[in-house]
Each structure stands twice: as structure tokens, then as C-alpha cells.
Amino acid sequence: DSGVTQTPKHLITATGQRVTLRCSPRSGDLSVYWYQQSLDQGLQFLIQYYNGEERAKGNILERFSAQQFPDLHSELNLSSLELGDSALYFCASSVGLGLETQYFGPGTRLLVL
Amino acid sequence: GESVGLHLPTLSVQEGDNSIINCAYSNSASDYFIWYKQESGKGPQFIIDIRSNMDKRQGQRVTVLLNKTVKHLSLQIAATQPGDSAVYFCAENSNYQLIWGAGTKLIIKP
Numbered sequence: 019d020s021g022v023t024q025t026p027k028h029l030i031t032a033t034g035q036r037v038t039l040r041c042s043p044r045s046g047d048l049s050v051y052w053y054q055q056s057l058d059q060g061l062q063f064l065i066q067y068y069n070g071e072e073r074a075k076g077n078i079l080e081r082f083s084a085q086q087f088p089d090l091h092s093e094l095n096l097s098s099l100e101l102g103d104s105a106l107y108f109c110a111s112s113v114g115l116g117l118e119t120q121y122f123g124p125g126t127r128l129l130v131l
Numbered sequence: 004g005e006s007v008g009l010h011l012p013t014l015s016v017q018e019g020d021n022s023i024i025n026c027a028y029s030n031s032a033s034d035y036f037i038w039y040k041q042e043s044g045k046g047p048q049f050i051i052d053i054r055s056n057m058d059k060r061q062g063q064r065v066t067v068l069l070n071k072t073v074k075h076l077s078l079q080i081a082a083t084q085p086g087d088s089a090v091y092f093c094a095e096n097s098n099y100q101l102i103w104g105a106g107t108k109l110i111i112k113p
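Chains as they are written, first to last, in our numbering: chain G, 19 to 131; chain V, 4 to 113.
One or more of the hints may lead you astray.
Pulled from the structure, derived: some chain V residues nowhere near chain G, Cβ distances all over 12 Å [to be verified]:
id, residue
1, 70
2, 72
3, 81
4, 100
Taking lysine to aspartate or glutamate and the EDC-like style, the derived pairs with C-alpha atoms no more than 16 Å apart in a straight line are [as the list claims (entries may be wrong)]:
id, chain 1, residue 1, chain 2, residue 2
5, V, 45, V, 87
6, V, 71, V, 58
7, V, 108, G, 58
8, V, 45, G, 19
9, V, 108, V, 87
10, V, 112, V, 87
11, V, 71, V, 52
12, V, 45, G, 58
13, V, 59, V, 34
Over 12 Å on every C-beta distance to chain V, these chain G residues come out as not near it, computed from the model [as the list claims (entries may be wrong)]:
id, residue
14, 29
15, 38
16, 97
Everything labelled a hint here was simulated from the structure, so no lab data went into it. If you're wondering where the values come from, they're calculated on a predicted model, not measured in any experiment. For glycine and all other residues, C-beta sits at the position ideal for the given N, C-alpha and C.
Please take these sequences and the hints and turn them into a complete structure.
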């Protein structure tokens with residue numbers, strides 16, 4: 019158990035809909051990262067927040083957005099969903115800005131029908 | 004080493020043999036490297052890391068080798084066991100971001 023929690027575990031929705039994925043980092047970690055992993059592919063970095071502020075952006079679509087709240091939990095919002103958005107979404111956390119190990123949550127499996 | 008492609012490279016190893024998983028990284032200025040293991044249906048799990056001022060680091064049954072000259076990283080797993088079956092990712096820290104490799108699927112033959 020990494021100490022990072024993600025909810026929900028599974029999500030099934032329809033195209034055009036909007037969903038919110040939630041992540042609670044390890045106690046004491048200030049950075050939260052979001053990744054997308056499609057079937058049999060590597061991890062695609064989406065976005066990083068550090069202590070409530072956006073720190074780095076990767077391959078995140080404009081339909082997607084995220085935020086980190088004062089209690090350091092984070093939410094990833096996916097809107098106007100398409101079939102191709104079906105994937106595993108992982109959240110990770112680390113103590114500082116990124117020059118250290120990231121600890122991953124169990125992921126949210128999103129299926130868009 | 005960006006994550007690309009539809010199919011992961013696969014390495015098949017006999018149980019009990021040593022496994023060597025290779026990774027080429029992209030930025031010669033990267034100063035921190037990590038290996039992660041991802042079992043089916045789970046999130047990636049930290050295995051071992053190495054900083055650029057070292058060329059070798061050993062853990063329990065695992066060794067990471069860093070060759071900065073050719074920008075190459077390898078993970079050696081001794082006496083491979085069925086529980087080692089997973090996808091292994093290398094990652095380099097470049098400008099405070101982790102750049103992930105494509106991953107290698109390790110299959111253990113009984």
C-alpha cells in the first residue's frame with residue numbers, strides 16, 4: 019500500500035459526459051501528479067500540482083482540467099468524454115517538487131461507452 | 004524516452020535465471036533515474052533509484068547500472084521468480100519532471 023488513495027476504482031460512463039476523479043496523496047506529500055495509461059501502453063504524464071499550484075503540464079487535453087485543494091487532495095475533471103479517453107488514470111504523490119520518488123495510487127479505470 | 008507505441012517490448016526469462024531490462028534515456032543532463040514495476044491492474048511501484056554521480060546501485064535481488072556515456076540504464080533481477088512478472092518502466096528526472104520510458108513486459112517461463 020503506497021498511501022495514495024484514488025476514488026472511484028471503476029467508472030463507466032457515456033460519450034459526451036463529464037467525470038471527476040479524486041486523489042488523496044500520502045501524508046506529508048505536497049506534489050500530486052496525474053497520469054493516463056491506455057491499454058498496454060506506457061504512462062502519459064498529464065499534470066502536476068505542488069502545494070495547490072500548477073507546477074508542470076504534460077500531454078493534457080483542453081477538455082481535461084485538475085486542481086489541488088488546500089488539504090492537498092486533488093481532482094481530475096474529464097469533460098466531453100470520447101471513446102478514446104477510456105484508460106487507467108493514476109495519481110502519484112511526492113514530498114517535494116519532483117526530484118524524488120513518486121508513489122502511485124491504485125488507479126481509476128475509466129470506460130467510456 | 005517518451006512512452007510511445009501500441010505494443011510493449013517483451014522479455015521472456017526462465018524462472019531462476021537472471022533478467023536484464025534495458026532502457027535508453029534522452030537527456031544527458033538528467034541526474035536522477037528510477038525503475039518502477041507495474042503488476043497487472045495495479046499502479047507502478049518504486050523498485051530502485053540511482054543518481055547520476057553513481058554508476059551502480061544494488062538492492063535486494065536488483066541492481067541498476069547507469070552508463071552516462073551512452074545514456075543507458077539497465078535493471079538486473081537476480082534469480083527471477085514468478086512474482087517478478089510485470090511491466091518495468093525506467094524514468095529519468097529532467098528539469099524536475101519524470102520522463103517515462105515505454106516499459107518492458109517481463110514474462111517468467113516455468
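Exercise. Find the nearest Cβ of chain G to the Cβ of residue 100 (chain V) and say whether that gap is larger than 12 Å.
Key: 5 Å, violated
Quiz prompt | Non-interface claim for residue 81 (chain V), where every Cβ of chain G lies beyond 12 Å | solution = Check passes; 22 Å lies beyond 12 Å.
Self-check item: residue 45 (chain V) paired with residue 58 (chain G) [C-alpha distance capped at 16 Å]
Solution: Between residue 45 (chain V) and residue 58 (chain G) the Cα gap is close to 13 Å, so the pair holds against 16 Å.
Quiz item: Quick one, are residue 108 (chain V) and residue 58 (chain G) close enough, alpha carbons at most 16 Å?
Solution: 9 Å, holds
Practice problem: Please work out if residue 45 (chain V) and residue 87 (chain V) have their alpha carbons no farther apart than 16 Å. | Solution: Judged against 16 Å, a Cα distance of about 14 Å means the pair holds.
Self-check item: residue 70 (chain V) remote from chain G - nearest C-beta pair above 12 Å
Solution: The claim stands: residue 70 (chain V) keeps its Cβ more than 12 Å from every Cβ of chain G (closest is about 21 Å).
Exercise. Take a quick look at whether residue 45 (chain V) and residue 19 (chain G) sit within 16 Å of each other, Cα to Cα.
Key: 11 Å, holds
Exercise. Would you mind confirming whether the straight-line C-alpha gap from residue 59 (chain V) to residue 34 (chain V) stays at or under 16 Å?
Key: OK: residue 59 (chain V) and residue 34 (chain V) at ~14 Å, within 16 Å.
Quiz item: Is residue 38 (chain G) truly not at the interface, in the sense that its beta carbon sits beyond 12 Å from all beta carbons of chain V?
Solution: The claim holds: residue 38 (chain G) sits with its nearest Cβ about 19 Å from chain V, beyond 12 Å.
Quiz prompt | Least C-beta distance from residue 97 (chain G) to chain V larger than 12 Å | solution = 24 Å, holds
Quiz item: Once the closest CB in chain V is found, is it more than 12 Å from residue 29 (chain G)?
Solution: Per Cβ check, residue 29 (chain G) is outside 12 Å of chain V; nearest 15 Å; holds.
Quiz prompt | Agreement of residue 71 (chain V) and residue 52 (chain V) with the hint, judged by alpha carbon distance not exceeding 16 Å | solution = 15 Å, holds
Consistency note: the structure conflicts with earlier hint 4 alone.
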